[in-house]
Each structure stands twice: as C-alpha cells, then as structure tokens.
Amino acid sequence: MTSTPSFYHQSAPPGLTGIKAWLLTHDHKRLGLMYLGAVLFWFTIAMVLGLLLRTELMSQGRTIMGPGLYNSFFTLHGVIMVFLFAIPAIPAIFGNFFLPIQLGTDDVFFPRLNLFSWYLFMIGGLLAIVSLFVGDGFPDTGWTFYVPFSIQNSKNVGLTVTAAFILGMSSMLTGLNFVTTFHRMRDKRMGLMQIPLFTWSLYSTAWVQILATPVIGITFILVVLERLLSIGLFDPDKGGDPLLYQHLFWMYSHPAVYIMILPGMGVISEIIPVFSRKSIFGYKAIVWSSMAIAIAGSLVWAHHMYTSGMSDVSVFVFSLLTFLVAVPSAVKVFSWIATMYKGSIEMTPPFLLALMFIYLFSVGGLTGLVLGAAGTDIHVHDTHFVVAHFHFVMFGGTGFAFFAALHYWWPKMFGVMYTFRAAYWGAVLAAIGFMFHYVPMLILGLQGMPRRYYDYLPQYETGNFLAGFGAYIMVFGIIIMFVNLLMSFRKGVPAPADPWGGTTLEWKVPSPPPVHNFIDKPQIMDFPYDFKGVGEQSQKNGR
Amino acid sequence: MRSEIDRVGLKIGMWLFLYSEIILFGGLFVLYAAYFHKHPASFAVGGKELNRVIGALNTVVLLLSSFTVAASITAIQKGSRKLTIGFLIFSIFCGFIFLVNKYFEWGAKIHHGIYPNSETLVNGEPGLNIFFGLYYVITGLHGLHIIIGMVLLSISLALVLAGKIDGSRFSMLDNSGLYWHLVDLIWIFVFPLFYLVL
Amino acid sequence: MDNQDKPHVLSYSQLAGVLIILLALTGVTVGVSYVHMGFLNVPIALAIACLKVSFVLLFFMHLKYEGPVIVLSLIGTVSFLMIMIGFTFWDVAFR
Amino acid sequence: MTPVQGVDRTFWYILGISIILLFGITVMMVCFVVKYRRSKNPVPSDIRDNYKLEIVWTIIPTLIALSMFYVGWQSYLGLRTVPKDAMQIEVSAQMYSWIFIYANEKESENELVVPVGKAIKLNIKSIDVIHGFYLPAFRIKVDAVRGMTNYAWFFADRVGEYSIQCSQYCGVNHSAMVAKLRIVPQEEFDAWLAKESD
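Protein chains in written order, with numbering that gives the first Met the number 0: chain A, 0 to 542; chain B, 0 to 197; chain C, 0 to 94; chain D, 0 to 197.
Hint data in this document are derived by calculation from the structure and do not stem from the laboratory.
These numbers were taken from a predicted model, which means no experiment stands behind them.
Careful: at least some of the hints might be erroneous.
As the list claims (entries may be wrong) - The list that follows gives simulated cross-link-like pairs (lysine to any residue, SDA-like), each with its CA atoms no further than 20 Å apart:
1) D:K124 to C:R94
2) A:K283 to D:N172
3) A:K341 to D:E53
4) B:K77 to C:R94
5) B:K163 to B:L9
6) A:K187 to B:L9
7) A:K154 to D:E53
Throw the hints in and build the complete structure from the sequences for me.
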C-alpha cells in the first residue's frame, strides 16, 4: 500500500463498524465531525428563527406572528446561538479536530471524556427541544433569564436552564481536556513559543471555559431551586437582591463572549500568514494578547449593568477596565494587517472571509467603545445598537471566522476541494447582506429603539424594513456558501495534503488524516510560521 | 498511543475539575459575602440558631476522614493493601456519620419551621430568610458532594479489593482522594461562616 | 519540565502531624468564636480557615510536591474567586 | 452644558475616532491585498517583529481608550448629578404601564407632564419585575427594580412631546409599555396638576 487509510476507514478504538464506529468513537477527528453535524443543525434552526424575527419586524404591528411567539422565538434564537452555536462552534469542531494534530500528537488526553462531552452536548440540545413541546412551552425571558421575571414566569424556564447547564458542563469538560492535552501530550520537542496560534487561542479559551462556566452553573442551579422551592435568594420581597443575579450571570456571560471570539481570532491568525506566505507579525504579542484578553475579559462583567441601578463606583471601575480590554484586541488587528505588509498574497475563499472578519470585527470592537463609555452606554444600552454591536462581534467575528475555518480546513477534513467561484459569491453576498442587516440596527439604536421589541414606534419602520431586507440577502449568501461546500462531495476533486502551502503540522499529514494522525514522527519547526521554501511546493499543486 | 499511564496528566485533569467545583461554590460565597454585608445583624441571629457542637463535630469528622484518605494513599504506595482498605472503609464511614449529623440538624430546623419558603421565614426578617436560604443551598450542595465523594471512594475501594489499584496504578484512588479533600476544604469555610459568625 | 514521574510519598507521621494541627486550629476557631471582638470576629475566623485550608492543600492534597502547572493554576483560580467576590463589592458596598 | 450635550459630544468623540480608525484599517488592508498580490509580488519578505512599532501601537490605543473613558465618565457624571432645585416625581413601573405620582399625590398613567425650564428628578420603582425607564430624547435610561429606588434626571428645556419606552424585557407586552412625556409651559402645567386625577 502506498497510502495509509484515512480515519474514515479505520475506527478508534479498533474493531467498531458501521454506526458504532461513530457513536462509540474515541477519535478526536470523528468527534469533531460529529460536533460539526450537530452545530450546523442548530445553526440552521436559529438562523431560520432569526429570519422569522426580522420578517415580523419588517412592518409595524402584527406581520406574521403574535407577541408571545415572537418573545419565545428571540429567546430560542439567543439560547441556541449562544449555547449551541457560538460557544461550541470553533473549539468543539475545529479545536477537537486540529488541536491534537497541531500539537503533534494522536488524540486528546481524555478521549473517552471527549466522547462524554459530545453526549452531554447532545443531551443538552435534546432537552432544549423537549422544553419546546412540554408544559407551557419555551420560555420568553430572553437568553439572559433575568430574575424576578424568570422565576415568576409560568413557562419552561427550569428545563431550558437545565439544558444550558448541561451544555455548560460539556463546554467545561472540553476545556479541561484541551488544557491537559496542551500540557501533557504536546510533542516533547515543541516549546511554548513553537505552538501554532490557533492552539494558543484554544488554550486561553479553555481556561475561561474551566473557570467561568461553573458560575453560570451555580446561577442556573439557583434559578431552578428558586422555582422549585421559592427560597427567595433573588426575591426582593424576601430580602434577596435581583442585581446579584445579574452579577453572577454576567460573571460568566461576559467571559463567554471571549470563549466565542478567541478561537475565531486564532483561526484568523492561522489563515492570514498562510495566504500572505509570510510569517505572522508579532507572534509573541498575539500569544500574550490572547492570554490578556482571557484574563482581563473576566474583570469587566458589570459593564452590562450601568443602567441597572448599581453603584456609581462600580460604573467607574468597570468602565475603566472595559477600555483596557480593548487594547489587546486592537493589537491583534494591527498584527494581522502588518502580516500582509510586503507579503505575497493569494486570494482564496478562506482569506477573503478572514478579511471580512477583520473588517466586521473591527466595527464590532469600535462600537463596543461606545458601550464601554459610561455616559453613552446609558443611551444605547438595551437598544438595537447593542444588538447590532454584539452581532458584529459574534456573527461578523465568530460566525465569519467559523465560515473561514470551514473553508480553510474543509480539504483537510474531507479530502475534497470545493469550487472557489461560488464560495466567493456566497461570502460577498453574506457580507453585503450583513451590512444591510446590522448597520440600520446601529442607527435604530442611536435613535432609541429598544431591543426585544415586538412592535415599535412609527419612526423606526424604515430601519427595520432595511434590516429585514439585508437579512434575506445574508441568509441567501450563507446558503450559497454551504451548498457549494456540500457540492464538493459530488464533484469529488481530491485535495492534496497541503493545498494552501500551510506550515503548521496539520498540513504535513494526508488529507484526510490517518487514524493516529502521524505516520512518522512529525518534524517540529523552530517557528511554526516559517515560509522559507514553501513557494515552489504550491506551484506543483498546479493551481 | 500512550504506552504508559501519565499519572501527572490525570492529576492535572482532576485539579482542573476541582477548580470548576471551587468556582461553583464560589458563586454561592459571592452571594454570602454580599448578603452578609447587607444584613449583618440577621446573619448573627441566624448563626446563633445553628448548633456549634454539631458543626464542630462534623468538622472533626471530616478532618479525620481527610487524614485517613491521605493515609490510604500513603498505604497503597507502600504496598500495604489491608491498611488501605481499612483506611478507606473508615473514611466512607466518616462521610456517613457526617450525613447522619446533617440529617438530624436539618430535621431539627425543619421541625422548628425553618425551611425554604416556610411561614416563619417568609413572614420573618428578610435577612434571616436569606441566611437560612444560603444555609440550605450551601450545605445541601455540600452534602451532595459528600455523597458523590463517598461513591468515588467506594469505587476506589472496590477497585482495591479487585486488585485493579495497586502501588503502581493508583490514580483513581489519588483523584478520589483529591475530590474528598476538596469537599473538606469547602466545609472548612462553611463551618465558621455559618456556625461561628459574630 | 513539569514531569515528576516519581510520586512523593508522605509518611504516616507527617500526615498525623498535619491532622493534629488541623484539629487544634478547629479548637481555636471554635474557642475564639465565644470571645466577642465585634467586627474582628469574621476576619479572624476566615484567617484561621485559610490557614487550615493551606495545610490541607499542601500536605493532604500534595500541593507542596506538585509541578508548576497545578500550583500556578490553583493560584489563578483563587485569584479569580477573590476577584469575583471583591469586584461585586464595588457595587454592593457603595450602593 | 446640559447632560444631553455632554452625552452627544461623547458620542461624536468616540464615533469620530472609531470611524477614522476603521477607515485606516480598511484602507491599509485593501491596499496591501492589492499591492502585494502574488502575481505582482511573488517573493514575500520575512518580517517577524518590530518591537518599536508594537510598543507604539499598544501605547497609543491605550491612551486613546483612556481618554474615551474619561470623556464618557464626565458625561455620565452629568447624568447623575441632580441640581438641588429639581422637581421630584415618583415613577412606578408595572406590567405594562408607567404610573407617575406628583408631590400633591396626583397620579397619571402613561403620561408624564412637566413644566418647561425645570430640572426634573424621577425616583423610579417597580412593583413587579424589572423594567427600564428610557427617555431617548434626554439620553436617560435606568432600570426599575423592585426593592430599590433608582433615579434619573433631565432638564426640560424645550416644550414638546417625547416618548418613553420600557428598555428592560418584562413580558409579553414589553414593547407596548410606552408612555408620553409632555413638556408644557408653567401655567398649563399648574392647571393640569390641579385637575383631579381620573
């Protein structure tokens, strides 16, 4: 045999066949693909929900649904997008698939625990579905589950919160696995400053997953207990303080934003140097800014609470810290752009998506400054401005990084190449639709339209109509993108081991990789982004 | 393919899990701190209601069991299997004693009409309701951890009996021990905060 | 490297010594609680608890003999916990 | 300078700098992609670090960020510092309407009427879940929380009608929880206030 069989043809543990080879697998690659399937399922559902919400808002008054359904839908959209898409998307799919390979090892440290996390993820998702159909239906509290509303609410808050708790546990265990793998399974010859940036970003994310997730765990436990036993810990009539719920909630949910965005930044840090054929600029600065974002991101949670009635001292402290978090993100953006300077840039779909990421994420970050400043936040807090801001970060950032990662690693994961032309069309339409969708929302917010509004004052109609229009273009673009990727199976153009001229270890193994990733011991480079001698090799690929 | 067991790695994994447990309880301690600042007088009154003797007794029981768990790990490393088994049985027994004490303590409170959403608490001082609310949640969650710890220790015991844990492979016992110590650690803070305040 | 493959074995007498210290500290903390010192009571009780916890961590939990990964990350966790409590106080105490 | 002007200036300051930065980033990015495309620049340079540049682009954003913080905080202080002669009105939020209670115990639902040229302080409470009092025209927003009294103030400098919305999600008719602010001349206000509440 000249070529080794890929992980599709060999199961781990050996001897399993058929569906069992997937459902009982310990192979991090298969698990990554299983997460991919589940996450795409949820993404599609939440995207459709979002589209329905925007359709409802396109004209004043009732358009396609009533207020009750609308409120449940935006809660469901939020819960799915946060817990079932944005948090697991990059770490659980691409992290599982590529972290061990980038570290030069054959699997994660706890392969069975990894499988268990996947099952937790599925159970959490299943519970979310169940909570739609039993009792009084899905909660209409918003994904923030603010007390006292979430405690008095008659709907299925308890079940939904339990689902989120289980999903949190899954995410935490994945983080635990990654940290252990990072420290114990890394190729012995690979020093800390020889680790690819994607893996570094996953490492800092993993710490946030481990340390922040339990806070939401206990918060949700308390919500459930409160609903079952009415202890009164958050009930103002019984001496409780609803603001403490908000503190606990954001103590997790703000760091969770970094769980979502840091891996995305890692993906971009991989893609930019490869297609610029130039080593990443400021490797150490990027590593340190990842860690700095992870740490500082845990210190700013109460900037979601300027209007909540908390003390002015708090507003001062948290506003100050918030502005300091902006700096490491800015450093990353500058480093990416400096990487392109005097490079030899090749346009490809993943690179185009990465450029879109930089632009959209910058808009997200800069609008965040408006929200970080105490005075201006008061005006735009809880308005469409906030909605647009975090969609720029979470969707323009994490979402587009996810698309970029999908296009970047697709040949490696499935061993087939896709068509570039359709991918460009999809990406461009998605980005144009994105701007049409969210820029009107920024303006609506500045004009004073609150979020989570089923209906609105007449002056907001034009903006809402435009936003809905943009949503359709965006979804159309995304559909083209996905259909194009799926069509690659039909065409079946085989992908070479290194279609892009990448330098990190995953490009040294066949596409798709064999079950133990490396046939021979991999060669570890002194610097993971050294492009000397890559030039001619990609000529041979004949592109 | 790992040919040998990476004991340090298993331990790191366990510690990471323990961090998440620490933060889980940490969320409750945040509430405790904030509410203590808000209602110091009620917390003092509430603290007086709790029985210091039972609390101190439970502390001693947990410390003893922590010692025996640590000793069982020493024993297995030194190769004395019988001693390991003895220490483990004693530790599990201690956990049991702790739960029995807790049962009587909670029982007495509930008998006096002090339980979540009870008439006495709802109509009484709000601070007192919060104190006992936290008391039930924290000690309840801690009790749950005691039970989980006992299960882990029992599994280790079974594995020792089956000969699957010995002087060269004892990570399961080591990690169960770490878990048990964590449960002890949390109690060390719970005890003064609830039983000895002011 | 943080690779300490040879585990450190604590002797029974060491463990027993730690146990005696812990029991003594429990006695002290209960005893002190009967003495009224106003607001000082809580800090003293917490200081003793911290001391006890350090003993459990260092010896029962072997922290004294672990590599830097565990020690540093534990410090990180505890700092995060302090931040959780401390920063909440920026709000609660000044409201 | 009124608080509204203070907040608006902060908006212009931050948005202005943001737009310049965004423009710079985008232009650089597009220029590089065009100028250094592979067909034109087949051989890349190998530049890995430039510590001077990196220090510069860390320190300058830090200073800009701190200046934004300062400006933002100043405008926030404007929103929080109530003039001593402010007229006090109690606001009570409920699902799904706003009740305004004046000093003479006149109650008004979903209609806040104030005299022109006065500073108005609103003491905001809730009788059920959390609501948010949002008056976009005067850049004020504060949550109404049961068990707490939060405040906001504005200077009623021009006659007119403005809308008040609920900004914190509060239930099925959240978006219908809209009230009106009417700023009227003093005489008209006095007449309105003297009228029996219906």
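Here's how the hints hold up against the structure:
no.	hint	verdict
1	D:K124 to C:R94	16 Å, holds
2	A:K283 to D:N172	52 Å, violated
3	A:K341 to D:E53	17 Å, holds
4	B:K77 to C:R94	58 Å, violated
5	B:K163 to B:L9	17 Å, holds
6	A:K187 to B:L9	18 Å, holds
7	A:K154 to D:E53	53 Å, violated
When the structure is compared with the earlier hints, violations turn up for hints 2, 4 and 7 and for no others.
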